[in-house]
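Asker: Given these sequences and hints, build the entire structure.
4 protein chains.
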Amino acid sequence: MIKVTIAGATGYTGGELIRLLINHPDIELKWLTSTSLVGDSISSVHRDLLGECSLKFTDEIGEPDALFLALGHGVSKEFLNKAAISSQCKVIDLGNDFRLDGKFGDESFAYGLSELFYEEISNSRLVANPGCFATAITLALAPLAEAGLLNNESHIHAITGSTGAGKSLGQTTHFSYREGNISIYKPFKHQHLAEIDNTLNRVSNSKIGNINMIPMKGDFTRGILASIYTEIDKEMDMESLIDLYSERYSASPFVHLSKEGISLKEVVNTNKALLHLERHGKYIHITSIIDNLLKGAAGQAVQNMNIMFGLPQDRALKLKGSAF
Amino acid sequence: MIKVTIAGATGYTGGELIRLLINHPDIELKWLTSTSLVGDSISSVHRDLLGECSLKFTDEIGEPDALFLALGHGVSKEFLNKAAISSQCKVIDLGNDFRLDGKFGDESFAYGLSELFYEEISNSRLVANPGCFATAITLALAPLAEAGLLNNESHIHAITGSTGAGKSLGQTTHFSYREGNISIYKPFKHQHLAEIDNTLNRVSNSKIGNINMIPMKGDFTRGILASIYTEIDKEMDMESLIDLYSERYSASPFVHLSKEGISLKEVVNTNKALLHLERHGKYIHITSIIDNLLKGAAGQAVQNMNIMFGLPQDRALKLKGSAF
Amino acid sequence: MIKVTIAGATGYTGGELIRLLINHPDIELKWLTSTSLVGDSISSVHRDLLGECSLKFTDEIGEPDALFLALGHGVSKEFLNKAAISSQCKVIDLGNDFRLDGKFGDESFAYGLSELFYEEISNSRLVANPGCFATAITLALAPLAEAGLLNNESHIHAITGSTGAGKSLGQTTHFSYREGNISIYKPFKHQHLAEIDNTLNRVSNSKIGNINMIPMKGDFTRGILASIYTEIDKEMDMESLIDLYSERYSASPFVHLSKEGISLKEVVNTNKALLHLERHGKYIHITSIIDNLLKGAAGQAVQNMNIMFGLPQDRALKLKGSAF
Amino acid sequence: MIKVTIAGATGYTGGELIRLLINHPDIELKWLTSTSLVGDSISSVHRDLLGECSLKFTDEIGEPDALFLALGHGVSKEFLNKAAISSQCKVIDLGNDFRLDGKFGDESFAYGLSELFYEEISNSRLVANPGCFATAITLALAPLAEAGLLNNESHIHAITGSTGAGKSLGQTTHFSYREGNISIYKPFKHQHLAEIDNTLNRVSNSKIGNINMIPMKGDFTRGILASIYTEIDKEMDMESLIDLYSERYSASPFVHLSKEGISLKEVVNTNKALLHLERHGKYIHITSIIDNLLKGAAGQAVQNMNIMFGLPQDRALKLKGSAF
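Chains as they are written, first to last, in the numbering used here: chain R, 64 to 387; chain P, 64 to 387; chain Z, 64 to 387; chain F, 64 to 387.
Don't take each hint at face value.
Stated by the list, open to error - Calculated pairs, DSSO-like style, for lysine-lysine (alpha carbon to alpha carbon, straight line, at most 27 Å): (1) P:K93 with F:K381; (2) F:K297 with F:K270; (3) Z:K270 with P:K297; (4) R:K230 with Z:K322; (5) P:K322 with F:K119; (6) P:K322 with F:K93; (7) Z:K66 with Z:K119; (8) P:K66 with P:K145; (9) F:K381 with P:K119; (10) Z:K322 with R:K381; (11) R:K252 with F:K322; (12) R:K140 with R:K119.
As the list claims (entries may be wrong) - Just so you have them, the derived chain P footprint on chain Z, three or more residues with Cβ under 8 Å: (13) 101 to 115; (14) 162 to 174; (15) 209 to 222; (16) 282 to 293; (17) 321 to 327; (18) 338 to 348.
Said to hold, decoys possible - Short, incomplete list of chain R residues facing chain F, as computed with Cβ under 7 Å: (19) I85; (20) C116; (21) G243; (22) P250; (23) Q254; (24) D282; (25) S303; (26) H348.
Don't read these hints as lab results, they were simulated from the structure. Every value quoted in this text rests on a predicted model; they were computed, and no experiment measured them. Cβ atoms here follow ideal geometry from the backbone N, Cα and C, with glycine treated the same way.
Answerer: Have a look at this one:
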């Protein structure tokens, strides 16, 4: 059994990691850390886990074989520097500390977009889990980038649920404000843009075009829908495009191409990413949907852990979607 | 023109008062107070008022003819004791300081349930505006109480929207928590129970039965639906009951009896209260719906102001419902 | 491997059965029937199953070891009379045809409230799965009934999500109507009342009190929250009550007692039922929550199938809740 | 008093017209037509109007001074050809029959985008009310077009509420589907594109760039948020742009420029349009919000009627927003 610590187990992604790992047959969930709630039962915070998890929050990191960091952005590096963790312990960081520059001492964090960097992840002790927008958008554009077709600007609007903003209280996550409301934030300058640009240039053999991204806040809790279009060579007809994407993701249990238009709830509460392609004149239009907390965070983290330990990548990730 | 001050103009009820009063033809909205935002424009807080209201928050009470107190519960009495207000200024308190015991120096606050105490309100300088649950439930039961038919226990569940909890941030008004969620709070001991009991006993010639009330928190922003049943004399058939209620509210522009079943949105963004009656065996079942911020707060406050100043009670209150 | 047929696989409960059974290790899902969509892929209807289920709808019942009937109320009996099914095939009916009177030829349907009739279910070939409201309310009141404490009237309001009304289109499930709306339907006369009354009298050694139930339609998709109170003997203090309930459900992996107040989403997308008890004067107040499509339908059906086949009752039912 | 007929008064826009016109001091609402519900009370369909409107549906057009056509797209022309209406009667068509080609016999329909064609509307007997997306997007881009700055492609995503799809039942307006869901429809080919292109070219002195528009379906009932960017001359700095827009709409009671970012609910249940501008590199980014049923339909129709009759254009349109 793989002994697991989740550092920062009180937040949304921490909670999702627990929900996934209590049903993972190869895992023993042992240490769930919190700074403020040491000694409290897990279900006092994650109330839906009543009857399913009898652990308590601790301030010990313990002696894990795998360590998940769900600490909030900018905290992981400091944590790792201070913490006394075995040099054998595999680490998956869900923050953004190591996504752009993976250097950590003599080692490096692999960028954990499971479908693009499977080999590298499987050989790494350290993995930086991608951001949620970055996951949805990079999966949608990577086949084009790899084929050298992503030379023009991409035009993206991507709408996210409230859980993307985490658990802390704020005016824009107040129910009375958010319900029935839609807004735009950080247009053209979301922090995931660098991540997306980085990855797509890495998999492309030529410089990719500029990525324009307008993030939107939706009045739902879970999920990201990204709507993307970019101009591509007229010779790439729909059939060729569908072949390109189908082949690219044929080995993935989680990424699928839909012939029909897709809607966000088709992936909510699953680790899947669904893509839909259409050609409109000079543009290819791609719709990409994920659950921001699963394929966009905790689910992909567990997927990466599975890969790092040589387990089937969908172990404990065949989830019943909520569908409605 | 009646010069108006709203003390506490930054909250939800303060905002609703502004939205109503900027379109009131007999009113000049002059002083909108805030402790923390003095000098800021009204629309910086109530963003939907951009282009409709160019006032700024002030810390002056001014010299109003009418003063609305939207200060939060327990603050009004202290405010009035300190504030230098003309003894001619009419005061409508939207807090709960004077609802149960209206005494204030030598004067008394009238209880501002407009349909029950019209005469008293019209002759009062001081009015305590009822609570939202109290309004929905008391309107539903008052005709029975007045007819001496409310001798048995009442069984009530009443569900409220998130705006009932005000603007302050908290776990149960976080969108990620509240969306798609339902919960119960303060069963059998909501603070409005005393208010309801007080009023119904006052209008009844006999001791009324016990009021059992379970408040519920709904996943919507506006409105209260109260579902009430109580055992009544078998001789009161439906026809007699409908006559009783129809006559009771025949003079009201806002309270109506629906022959068909009703749903909450039929009153949202209006000052109306709709009632629906059915008999089931020994019980009469009453559904009562209001908008908690309007008939349950700011709307009724303006209705009371109209009555106090001898204006038609629906002045500035013929509102377009949102309907959807 | 247990070969399974789902008759009526296009509806909401049919879809949920598929979502559960594709991950059941002892099951081979073979025949999914539809009258109108024969030959279409499952994922053309249940779009979230893209990449997870490659079966097609058929009009063949096949030769199943277990047959789930998800046909709509009043259709199951006729279906069974016509269908050529082996007399060995175990049948779980999710309609209401056999809930009150389980007789079918020489055999009888067991009433499939798993926690109350485990033995009977495990020995039955035929099981009638309970209604969703019936499940939530009966689980809440059964310990009192069994202890002979349910002699007084019960006062119940129970709010349900839109999926309770099924897939067919109607005015009250139109999004523009339902969003932000609350209404009451069938007060005092919901069809599940007879089922509840029947079961509680059966487990009680004395005649139980009258059950008053007001169903409410909520503006969410999944879940039922029932709020119940009834007068009980003053000698039963909270400690005794908590002991009573805790012991009653100590063997169940799905029914748990919460010391803290509960909210609906704590069970959404799981097969759990959570109960919370409080005493208020002469009344005990019970809150009971389930997911109407899982513990209230498809989940309990699979639980019953597990029991009927001697499998652990939580096989394929350790579901990750959606939580948010 | 202006006598008014609404042809097609049972739908969403018909209902909104009634809600607006019952409070219009210069209007007498006389004939509300329906084909199927003749004789039924208005409030039997528009249930929120109970106590506010005692009219009944009729099949008579009557002898109106103003006729609103809320008949559904493609029906208005046929209706006008058949109907015996006085040649003095002013007509406002809310369908799309006359938006692109306004010819009707010897006369022409003016295109009723009130802020752009005020003079023409005020001199017309016939007005074609714009589409909802067209209103939101054209108001956002018209100042650029008029200034000859709209020469490059525009990139638009615009999300709409469920009421945009009307009252008829369908899978994508079923609550169980729509709640918490987001989808894309008719990318690059929404029927309003021609309308937008037409209008912008008309007000521009040079050929405008191509308009790329991705419509999205949101999980809310009311409102459209359009997010638009286009490349403009670097010499146009923010200050110049803000001046351009502020001046353009300085005379309008409904169109306002917000310095702060905006969110959809700031206009819900009002006739306002709010715009927000930002410059990001070579692009200007514009957010535009309206209530699709008001400024996007019934509200603008009443605004146009006011203009046609020489009344203040905001008569009966100073609406209390729902805000929450």
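Asker: If a hint holds in the structure, say so; if it doesn't, say that too.
Answerer: Hint check:
1. P:K93 with F:K381: holds (19 Å)
2. F:K297 with F:K270: holds (19 Å)
3. Z:K270 with P:K297: Cα-Cα ~25 Å, so holds.
4. R:K230 with Z:K322: Since the Cα atoms of R:K230 and Z:K322 sit roughly 23 Å apart, the hinted pair holds (cutoff 27 Å).
5. P:K322 with F:K119: Roughly 17 Å between the alpha carbons, so the hint for P:K322 and F:K119 holds.
6. P:K322 with F:K93: The given pair, whose Cα atoms are some 25 Å apart, holds under the 27 Å limit.
7. Z:K66 with Z:K119: holds (16 Å)
8. P:K66 with P:K145: holds (21 Å)
9. F:K381 with P:K119: Satisfied, since the Cα-Cα distance of roughly 20 Å is no more than 27 Å.
10. Z:K322 with R:K381: With a Cα-Cα distance of about 32 Å, the restraint between Z:K322 and R:K381 is violated, given a limit of 27 Å.
11. R:K252 with F:K322: holds (19 Å)
12. R:K140 with R:K119: Roughly 25 Å between the alpha carbons, so the hint for R:K140 and R:K119 holds.
13. 101 to 115: violated (count 0)
14. 162 to 174: Result for this restraint: violated, n = 0.
15. 209 to 222: Result for this restraint: holds, n = 3.
16. 282 to 293: It holds: at least three residues are needed, and the region 282 to 293 of chain Z offers 8 whose Cβ sits within less than 8 Å of chain P.
17. 321 to 327: holds (count 4)
18. 338 to 348: Per the Cβ count (5), the hint holds.
19. I85: With a minimum Cβ separation of about 25 Å from chain F (threshold 7 Å), the hint on R:I85 is violated.
20. C116: violated (26 Å)
21. G243: Holds, because the Cβ-Cβ distance from R:G243 to chain F comes to roughly 4 Å (cut-off 7 Å).
22. P250: holds (5 Å)
23. Q254: Since chain F brings no Cβ nearer than about 15 Å to R:Q254, farther than 7 Å, the hint is violated.
24. D282: This interface hint holds because 6 Å falls under the 7 Å limit.
25. S303: Given a least distance of 20 Å, the restraint on R:S303 is violated.
26. H348: With Cβ-Cβ at 5 Å, under 7 Å, it holds.
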